[in-house]
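Asks: Here are the chains, one letter per residue:
Protein chains: 2
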Amino acid sequence: MPVNYATPAAAQLSPVAGVRLGVAEAEIRKKNRRDLTLVALDAGCTVAGVFTQNRFCAAPVQICRKHLAGGQEIRALVINTGIANAGTGEPGRQAAQATCEAVGKLLGIGAGQVLPFSTGVILEPLPVERIQAGLPAVFSDLKADNWHAAAHGIMTTDTVAKAASRTLTVNGKKVAISGISKGAGMIKPNMATMLGFLATDAGIAQPLLDKLVKEAADASFNCITVDGDTSTNDSYVMIATGQSGASFTSESDAGWAEVKAAIIAVSVELAQAIVRDGEGATKFITVAVQGGKDVEECRKVGYAIGHSPLVKTAFFASDPNLGRILAAVGYAGITDLDVDGVKVWLDDVLVAEKGGRAAAYKEEDGARVMAQAEIMVRVDLGRGAAQANVYTCDFSYDYVKINADYRS
Amino acid sequence: MPVNYATPAAAQLSPVAGVRLGVAEAEIRKKNRRDLTLVALDAGCTVAGVFTQNRFCAAPVQICRKHLAGGQEIRALVINTGIANAGTGEPGRQAAQATCEAVGKLLGIGAGQVLPFSTGVILEPLPVERIQAGLPAVFSDLKADNWHAAAHGIMTTDTVAKAASRTLTVNGKKVAISGISKGAGMIKPNMATMLGFLATDAGIAQPLLDKLVKEAADASFNCITVDGDTSTNDSYVMIATGQSGASFTSESDAGWAEVKAAIIAVSVELAQAIVRDGEGATKFITVAVQGGKDVEECRKVGYAIGHSPLVKTAFFASDPNLGRILAAVGYAGITDLDVDGVKVWLDDVLVAEKGGRAAAYKEEDGARVMAQAEIMVRVDLGRGAAQANVYTCDFSYDYVKINADYRS
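Each protein sequence line maps, in turn, to chains A and B. Positions 39 to 446 (the working numbering) are the ones given, in order, by the first sequence. Positions 39 to 446 (the working numbering) are the ones given, in order, by the second sequence.
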């Protein structure tokens, strides 16, 4: 059961002019499962993406990077579940390439105009022939109001489909933003990966979109952790169709701040949904670190807390175990940290300051916060003005159960 | 139940001439528990230590560093369990100092000649008066053949006492080495910490001992991980009494290589015992990384594998889940790693090469190794001659149970 998350209804997800989506059952690994999704883009879109830093990155990630760098206009995205096409070497790259060629043939575009994505079992060959056989069905399913189905089409072990949408009026034009994501651990290499796709009918010049996708990922998908593992296939791709008539080429353009904020908000919602559906999660935790010298050190502290199995089991147990949080701050890697200047709150309760427990702190106040399904851990490092958030979940019996039983 | 580990019998632990140990029940936090240990050293010893890098380091760690740097001859170590004296600020330092003064008075030495160690609950004040009251009993218990009792005296949630001993003949002199350690997670801040103490009757000049304790810790306590957390109190201290008559001042001295190897072997045994008794551990895993450009990158890969909850739950499940191991290699932080050159073995079974599964690999061979209680994961990075080992355990339901239920 996800923590305070339900998939929006189909009617709540705005179509994005210039984007059509289709979903079908291609029996890639199992029957009776929507496992193939196609996103067709009109001419005139800009597309940008960020991808896993894992050196064992999957074949489709390699092809995506190549096609985005190739300079041809991207006109389609194809996503399969079931098989991740990772750890598959040169045959894997050929399979991803063959998938792009099949999509290109169907849509009358070049293979270099297609971005492929795969998620599922690692080390198994991608059955290209099943994807080829399934493509006519996804093609005939293509329509603009299909985001809800597409959110389901990219799921693997997710317990809920993840989607988000916003509309706003900018410079007199109505702008739509819709996105979908999948993932329930940061990685589950047998049925793997975090994927995210966002489209807007705003027009965004390529350099601005390249910058935005990185900023949005840093504020969203790069702030979440379930188990600290980084998948071979992680991808976040952003599409701007321009069909709303509102177009942007520079950070200083009127209305850009609003569009950017809305796109980042949708990205954060898509990313947080992954944590809320984290494997075995019973609580959603925001670790807000402030008062750092730079963002980097705030993130280090946030991840030290967010990754610590000891902290995460304490959240599961609703135990206000301050020692574990302080210890994580202490080993986060800030070598010149003056711990006497650090303050820690659980929601509004000041729990630690001056190197130890706050004088006025009462255990029952900490216990009250820890019993909630949504918890804010706030850390003030007391040495600067930078801040960063990390979103995580607790660590339960079910995490072990899910990951120990996964292949059986 | 620890994995393939039992405490050596008292008769197997050699006395070390110049070292006497005493243990008593001081009721520091609970009754009927040996919770106070004193180690008295004859004049003429050298002493060196390595301590936690955690910025929230405990008061006794701060006092240890100060006394070791102070230049006075160290003549005693005092260790209490029950209360960690961490996160206690200035009152904590005063309590640790008062403990040293009480020990100094009892032994007729200066407070600056005493090293204090604490392990137990964080954020609680140290009851110095109980330590003072308990000191006469530990003083009257002081004897050379008391290592077995001392190993029990420093336990907290350990399920077994941890001790190791070696004797060897060097340059015609019989040399004894004995040590004890405690810890069952890398950190358990409520009843916390890794502690290790080793003594030899070899004579080792201070600069050589300072170097040795770092090398030995790097080969032992710095190679283990249960949950990746670093305690506020971790300490490893080495004592050389010189009473065997075999003395060393330089790496090139005859016999030094043998003594050094034996001391490192005892250190490794003490460190591995902590992993074998790791919280909820059912398996002991050696991650041996070779073929790296330097030791640092080998350790990065070893820790990426050894820390991954996904890898550790797969070990628990006896699941040869290669994707999780490959993914951990891929995200370990070697940015220019050529994954096609990486090979991975489970014991003698080659499981991965050329960026994917090895052609001859059979799942049943991997499953056979994963079912063992002792598993070797060997990774060849194929880019150099450096190597490093990391020792870890699996991640079971009981880990969550122990850490979620700990304070209840």
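Rather than coming from a laboratory, the hints here were simulated on the basis of the structure. Any given hint might turn out to be false.
Since copy identity is lost for identical chains, a pair holds within one copy or between any two.
[As the list claims (entries may be wrong)] Lysine-lysine pairs mimicking DSS-like chemistry, simulated, CA-CA at most 27 angstroms apart:
1) K400 with K68
2) K104 with K392
3) K400 with K439
4) K143 with K181
5) K68 with K211
6) K211 with K381
7) K439 with K381
8) K439 with K69
9) K212 with K400
10) K338 with K181
11) K212 with K439
12) K439 with K249
13) K338 with K381
14) K331 with K181
15) K181 with K69
16) K249 with K400
Asks: Checked against the structure, which of the hints given earlier come out wrong?
Replies: 5, 6, 7, 9, 10, 11, 12, 14 and 16
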